[in-house]
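Undergrad: The lines below spell out each chain.
Number of protein chains: 2
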Amino acid sequence: MHDFIIQSVSTSDARFPLPPGAGSDSIHETAEYCFAVARLKTDGGLQGTGIVLTLGQGNQVVCKAIELLSERLVGTSIEDLMADFGRFSREMADHPSLRWLGPHKGVVHLALASITNACFDLWAKSRGVPLWKLLLDLSPEQLVRVLDLSYVEDVLDEKRAIDMLREKQASRASRERILQTGYPGYDTSVGWMDYSDDKVRELTKCALDQGFYAFKLKVGSAEESRDLRRAAMLRELAGNDKTIMFDANQHWNLPDALRMCRELSKFSPLWIEEPTHPDDLLAHVELSEAIAPVKIAAGEHISNRVLFKNFLKSSALSFIQVDCTRVAGISEFLTVSFMAKLFNRPVVPHVGDMGQMHQHLMFFNHIALDHEVAFLEHIPHLRKHFVHPAKVSAGVYSTPQDPGASTDLKVNAEA
Amino acid sequence: MHDFIIQSVSTSDARFPLPPGAGSDSIHETAEYCFAVARLKTDGGLQGTGIVLTLGQGNQVVCKAIELLSERLVGTSIEDLMADFGRFSREMADHPSLRWLGPHKGVVHLALASITNACFDLWAKSRGVPLWKLLLDLSPEQLVRVLDLSYVEDVLDEKRAIDMLREKQASRASRERILQTGYPGYDTSVGWMDYSDDKVRELTKCALDQGFYAFKLKVGSAEESRDLRRAAMLRELAGNDKTIMFDANQHWNLPDALRMCRELSKFSPLWIEEPTHPDDLLAHVELSEAIAPVKIAAGEHISNRVLFKNFLKSSALSFIQVDCTRVAGISEFLTVSFMAKLFNRPVVPHVGDMGQMHQHLMFFNHIALDHEVAFLEHIPHLRKHFVHPAKVSAGVYSTPQDPGASTDLKVNAEA
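Each protein sequence line maps, in turn, to chains A and B. Our numbering numbers the first residue of the first sequence as 8 and each following residue consecutively. Our numbering numbers the first residue of the second sequence as 8 and each following residue consecutively.
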């Protein structure tokens with residue numbers, strides 16, 4: 008295999024206007040999706056591209072943090088870097104002055120995520136394989152070396168992580184069949200907050216026709232009656248054999264969340280997502296107990312493995328929606344996936360990357376860690392901007408075959 | 008009283024080199040303290056100055072976020088703004104696109120803190136009174152209007168907060184005596200990590216002579232024997248009648264923290280500060296139980312009221328070190344102080360402002376909320392840069408008398 012030296016790191020502030028109403032929810036007035044892009048250029052002409060999602064203003068702040076954090080990458084060989092990436096990730100996360108701005112959350116952590124994702128993309132490209140295959144082909148020892156397990160050793164240390172991979176190696180072949188069939192998806196784009204009832208109805212019918220079997224509706228309106236009306240409508244449209252989920256995007260305080268989750272439970276959703284503030288661990292515990300067997304999902308705003316460890320240890324969540332564009336990239340996503348497996352919780356990512364990297368990671372999680380097959384969120388609005396957009400048909404993500412992490416953006420897509 | 012219209016908001020990236028070794032701890036290589044400054048200029052020539060602390064690189068990222076967040080302030084009257092500041096704070100914290108970068112943590116929250124602190128400084132100056140007097144002179148209803156209680160209503164809503172103030176109003180006079188005697192301080196600057204044993208010895212003796220009765224030592228060295236040697240030394244120097252505290256600055260994972268906190272407990276510290284990662288709520292619960300009667304303190308990296316609510320509800324901390332340069336400024340500091348009182352926990356701030364604003368807030372907390380008199384951290388390194396540096400003598404902060412929040416920096420102090 009050929010090694011490459013990173014010669015420069017650049018960033019770009021890529022912004023994509025959304026169609027009217029798309030991306031809207033109870034909290035964010037989303038008119039555009041933006042990527043704070045980290046790009047690694049090498050001596051061989053090969054480039055690594057990392058992305059994290061933001062919602063507009065502030066994207067340039069993340070780009071600035073990428074510049075500050077990534078200086079030390081220049082001159083490093085990608086193989087040397089990835090042979091001990093866990094240590095490198097920790098050093099970046101514990102940057103002697105930037106750490107103060109988190110630690111391990113907010114703008115500096117998003118910057119680390121983008122850089123990390125660029126490193127993995129470059130590594131997979133340099134080996135000429137898609138990310139899922141790169142990860143599956145590493146030995147257990149090599150794989151665990153890309154993880155920073157600091158502060159979670161009480162539940163997951165290196166030895167335990169290696170043992171987990173080894174225990175599941177013999178049975179891998181049976182799970183590799185999924186590479187032929189693809190990974191199931193679910194459609195978030197039918198139920199944006201600002202879509203009219205008619206539009207939700209029309210899009211849901213269309214997604215049903217395409218073969219999706221799971222649908223998500225945004226809730227947390229100023230008018231609670233609107234939430235309940237639309238929830239009833241979605242259940243009726245989907246029928247009792249399909250799966251529906253509701254997503255409140257942190258809209259409610261605890262008393263309102265308890266009341267509204269009980270109301271919405273009547274429509275038998277699989278989960279209610281982000282019912283309240285993502286920092287409110289105890290509220291999630293209380294809600295999980297109050298609305299069982301309906302389940303609580305969250306993760307798109309849970310910033311790091313230490314927080315996920317706390318959510319897992321306290322049984323606060325049933326679905327772990329970790330996002331490799333929120334935690335410290337692919338590396339910390341994997342750490343959280345290991346911990347979720349230990350606590351027997353499915354990983355169902357939020358796709359700040361529009362599913363581009365997460366499709367790879369779902370194959371890895373199933374095959375290497377024996378995570379049960381769940382489904383992966385699908386948001387189609389940016390697909391035209393990717394060089395290799397995820398291929399989703401009949402409600403299923405097919406296995407990506409191009410080298411890398413599927414993060415390359417078309418040249419004219421970037422600012 | 009005269010009202011003023013905010014005519015412009017500007018920021019500056021103010022950096023102050025520290026003397027060798029000062030500010031050093033187990034995690035941060037601190038060579039400079041920096042303030043991301045927000046400055047409000049008004050039609051009357053009066054200015055409000057807000058500050059938050061950072062440790063160097065990244066200060067300009069916070070300044071950029073201040074610019075993005077503060078646009079809407081221009082043209083507002085300070086009295087109108089402060090008459091409903093809680094709503095305003097919530098709207099800024101829930102900015103439709105910048106919220107994504109937190110929420111309520113990291114760079115965007117630091118920016119909100121600096122802006123908020125500038126608003127309170129301007130408000131106090133416009134009324135010609137020091138911050139503590141401004142706050143004490145507000146009616147309970149007016150005071151509670153400066154708070155954003157969203158997401159903490161399950162423990163503190165407006166009615167409860169107003170009741171708390173009313174209940175304590177009759178007994179205020181007895182507590183106002185502290186305005187004559189001043190507020191006790193403790194000295195952090197004797198025990199920085201990189202100071203030699205000899206220097207710690209010399210500084211501790213000097214602080215004892217000055218009248219301080221409480222001293223803090225940084226721990227969390229690479230060599231654990233060094234921590235134990237210096238802890239023993241400080242206890243011997245201080246004698247058994249003085250108070251000592253140890254501060255690990257998040258250095259240990261949970262197993263190491265359990266072991267080291269048990270070892271350090273032998274020297275009878277009042278508290279052990281930041282033993283592990285600030286996001287690890289459950290680790291703090293476990294540590295608090297394991298090392299009682301020695302207590303756990305933390306807060307300088309606990310970003311918001313929702314997190315503090317969780318730490319309080321789960322009895323994870325005995326001392327609440329909330330810092331108005333970490334949470335959303337003076338407003339969220341007050342919210343946390345209300346909650347801490349409800350849970351009967353002392354507020355002992357970390358002083359990212361070098362004690363300048365917190366001296367005012369300690370007088371308010373004692374007089375209005377009946378918080379017991381604790382002590383306030385004292386870090387002297389930047390005092391020459393303030394227009395009105397805190398006056399600390401014989402180990403006591405005297406009551407500030409100049410109008411405002413004591414945040415004005417000398418003109419030549421800023422970049």
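Hint data in this document are derived by calculation from the structure and do not stem from the laboratory. A couple of the hints might just be wrong.
Using 25 Å as the maximum straight-line C-alpha spacing, the simulated BS3-like pairs for lysine-lysine come out as follows [stated by the list, open to error]:
{"#": "1", "chain 1": "B", "residue 1": "302", "chain 2": "A", "residue 2": "320"}
{"#": "2", "chain 1": "B", "residue 1": "320", "chain 2": "A", "residue 2": "320"}
{"#": "3", "chain 1": "A", "residue 1": "302", "chain 2": "B", "residue 2": "320"}
{"#": "4", "chain 1": "B", "residue 1": "391", "chain 2": "B", "residue 2": "212"}
Undergrad: None of the hints should be skipped; say for each whether it holds.
TA: Verification of the hints:
1. 302(B) x 320(A): Satisfied, since the Cα-Cα distance of roughly 23 Å is no more than 25 Å.
2. 320(B) x 320(A): 17 Å, holds
3. 302(A) x 320(B): Between residue 302(A) and residue 320(B) the Cα gap is close to 23 Å, so the pair holds against 25 Å.
4. 391(B) x 212(B): 23 Å, holds
Checked against the numbered hints listed earlier, the structure breaks none of them; every hint is satisfied.
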